[in-house]
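S.K.: Taking the hints into account, I'd like the entire structure generated from these sequences.
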Amino acid sequence: FFFKQKTAYEILTCDWSSDVCSSDLLAFVIDVDQDTARILSPDVTCQLLFIAQAAISNARRHAGVREIRIELSRSGQQATLRVIDNGGEWDGESRERVVLGITAMRNRAKMLQGTVHMVSRPDGGGEVLVEFPLNSPPR
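Note that the sequence shown ends on residue 406 in my numbering; no numbers are left out.
Treat the hints as calculated values from the structure; they're not laboratory data. Heads up, some of the hints might be wrong.
List time: in silico SDA-like cross-link candidates among lysine to any residue, alpha-carbon distance up to 20 Å [unchecked claim]: (1) Lys-377 with Gly-331; (2) Lys-377 with Asn-353; (3) Lys-377 with Cys-313; (4) Lys-377 with Gly-354; (5) Lys-377 with Glu-394; (6) Lys-377 with Gln-320; (7) Lys-377 with Pro-400; (8) Lys-377 with Ser-308; (9) Lys-377 with Pro-309; (10) Lys-377 with Ser-340; (11) Lys-377 with Asp-298; (12) Lys-377 with Asp-390; (13) Lys-377 with Thr-347; (14) Lys-377 with Leu-316; (15) Lys-377 with Gln-344; (16) Lys-377 with Leu-396; (17) Lys-377 with Arg-341; (18) Lys-377 with Phe-317; (19) Lys-377 with Arg-328.
M.R.: Written as structure tokens, this is what we have:
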């Protein structure tokens with residue numbers, strides 16, 4: 268309902284600090300490709316929003332982050348959502364086993380016929396990477 272009233276660009280570039288996270292100690296950097304956001308259906312946008320919320324919640328809870336970057340981009344018919352945090356280093360494999368919400372993120376990505384990967388960044392922090400085809404309707 269909410270998603271049918273707003274564009275994907277409006278939803279994905281909302282004020283995350285107040286609308287989603289209620290935190291004045293966390294900075295957000297949003298980099299959403301408008302052309303990609305324009306072609307996303309409300310159902311796809313909804314799944315991406317829930318994945319981003321789970322990634323943010325996990326980063327806040329488990330990684331001690333101060334900044335989160337949200338990126339949406341595309342290459343041909345493949346789109347990518349990245350949620351990047353600047354928290355402490357972690358082992359991606361062990362973190363995947365313990366972080367609540369990864370199963371939900373994977374299930375939502377699967378609905379988009381996509382994948383989710385959690386990776387440790389060389390500069391510290393972590394990244395949730397969601398890749399999905401633009402031409403497939405959600406299941």
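S.K.: Need the status of pair Lys-377, Ser-340: alpha-carbon distance at most 20 Å?
M.R.: holds (18 Å)
S.K.: Taking only the CA atoms, is the gap from Lys-377 to Thr-347 under or equal to 20 Å?
M.R.: holds (14 Å)
S.K.: Take the C-alpha atoms of Lys-377 and Asp-298, compute the straight-line distance between them, and say whether it is at most 20 Å.
M.R.: violated (23 Å)
S.K.: Within a Cα-Cα threshold of 20 Å, do Lys-377 and Ser-308 meet the stated pairing?
M.R.: It holds: about 16 Å lies between the C-alpha atoms, which stays within 20 Å.
S.K.: Taking only the CA atoms, is the gap from Lys-377 to Asp-390 under or equal to 20 Å?
M.R.: violated (29 Å)
S.K.: Run the distance test for Lys-377 versus Phe-317: straight-line Cα separation, threshold 20 Å.
M.R.: Given that 20 Å is the threshold and the Cα spacing comes to 13 Å, the pair holds.
S.K.: Please work out if Lys-377 and Pro-400 have their alpha carbons no farther apart than 20 Å.
M.R.: holds (11 Å)
S.K.: Is Lys-377 within 20 Å of Pro-309, Cα to Cα?
M.R.: The hint holds at about 16 Å.
S.K.: Can the restraint linking Lys-377 and Arg-328 be considered satisfied, given a maximum Cα separation of 20 Å?
M.R.: Outside the cut-off at roughly 24 Å; violated.
S.K.: Would the hint linking Lys-377 and Gly-354 be met if the CA-CA limit is 20 Å?
M.R.: violated (27 Å)
S.K.: Within a Cα-Cα threshold of 20 Å, do Lys-377 and Gln-344 meet the stated pairing?
M.R.: holds (17 Å)
S.K.: Decide if the proposed pair is consistent with the structure: Lys-377 and Glu-394, CA atoms, cutoff 20 Å inclusive.
M.R.: holds (18 Å)
Consistency note: the structure conflicts with the earlier hints numbered 1, 2, 4, 11, 12 and 19.
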